[in-house]
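K.L.:
One letter stands for each residue in the lines below.
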Amino acid sequence: DAGITQSPRHKVTETGTPVTLRCHQTENHRYMYWYRQDPGHGLRLIHYSYGVKDTDKGEVSDGYSVSRSKTEDFLLTLESATSSQTSVYFCAISERTSGGAYNEQFFGPGTRLTVL
Amino acid sequence: KNQVEQSPQSLIILEGKNCTLQCNYTVSPFSNLRWYKQDTGRGPVSLTIMTFSENTKSNGRYTATLDADTKQSSLHITASQLSDSASYICVVSAPYDYKLSFGAGTTVTVRA
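In order, the protein sequence lines correspond to chains A and B.
Take the first sequence: its position 68, counting from 1, is numbered 68 in our numbering, and each next residue is one higher.
Take the second sequence: its position 71, counting from 1, is numbered 187 in our numbering, and each next residue is one higher.
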């Protein structure tokens with residue numbers, strides 16, 4: 001999984017509780033992403049980071065926040081978890097080539113989150 | 117909105133047989149198209165990547181084709197093995213954009 005770890009790998013929580021997922025990389029890649037994967041849907045981007053302390057929203061960002069205080073760590077926080085946030089969450093990393101035309105994304109192993 | 121549609125949603129094949137997966141996209145302008153393989157419980161792993169100028173790309177028993185004019189791609193699996201059982205995801209990107217458009221995937225089950 002290209003030097004990417006996610007923690008925890010599995011979590012069960014209750015509605016209304018805060019949850020933080022961690023993504024850690026050892027590749028020193030500039031870009032980091034959080035996706036969610038649900039049956040019948042493609043991977044959907046939640047938030048991404050283009051550098052330390054530089055983040056932006058993806059297509060499904062409501063109810064999620066992120067932080068990146070170091071190059072290697074990207075945190076995803078659910079401030080108050082809801083059942084609709086039950087999903088598998090993937091972190092990804094990438095580094096542009098010199099031309100910027102390629103963007104190979106490498107994915108972590110995923111975190112399965114269940115909100116009861 | 118850029119979309120990527122994959123078909124079929126799932127298929128079952130016997131070990132040793134061939135199969136072809138389809139991907140249609142509306143991303144424009146277009147930079148490159150990737151096929152990822154995702155084993156159960158794992159993250160996606162890249163199989164092939166093609167730019168608009170490439171028509172075909174192989175990776176072992178996997179061969180991807182691309183028709184940028186019709187915005188269609190296919191992934192052909194030759195002489196399938198049990199280890200080919202996985203979800204195959206088509207991913208399309210625009211130039212100089214680190215945000216990707218993902219298909220929902222085709223689940224392939226190979227049976228002995």
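Accuracy of the hints is not assured; some may be wrong.
Straight line, CA to CA, 20 Å or less: simulated PhoX-like cross-link-like pairs of lysine-lysine [said to hold, decoys possible]: (1) A:K57 to B:K215; (2) A:K70 to A:K57; (3) B:K215 to B:K187; (4) A:K53 to B:K215; (5) B:K173 to B:K187; (6) A:K70 to A:K53.
Since the hints were made in silico from the structure, they are not lab data.
K.L.:
Give a verdict on every hint.
P.N.:
Against the structure, the hints come out as follows:
A threshold of 20 Å between alpha carbons decides the hint, and for K57 (chain A) with K215 (chain B) the separation of about 11 Å falls inside it, so the pair holds. Of the supplied pair hints, the one linking K70 (chain A) and K57 (chain A) holds, its CA atoms being roughly 19 Å apart against a limit of 20 Å. A hinted pair counts as satisfied when its Cα atoms are at most 20 Å apart, and K215 (chain B) with K187 (chain B) qualifies at roughly 19 Å. Annotation: proposed proximity of K53 (chain A) to K215 (chain B) holds, straight-line Cα distance about 19 Å (limit 20 Å).
Pair hint K173 (chain B) plus K187 (chain B) holds up; C-alpha atoms about 16 Å apart against a cutoff of 20 Å. With a C-alpha separation of about 8 Å, the suggested pair K70 (chain A) and K53 (chain A) falls inside the 20 Å cut-off, and the hint holds.
Comparing the model with each earlier hint shows no violations; every hint is respected.
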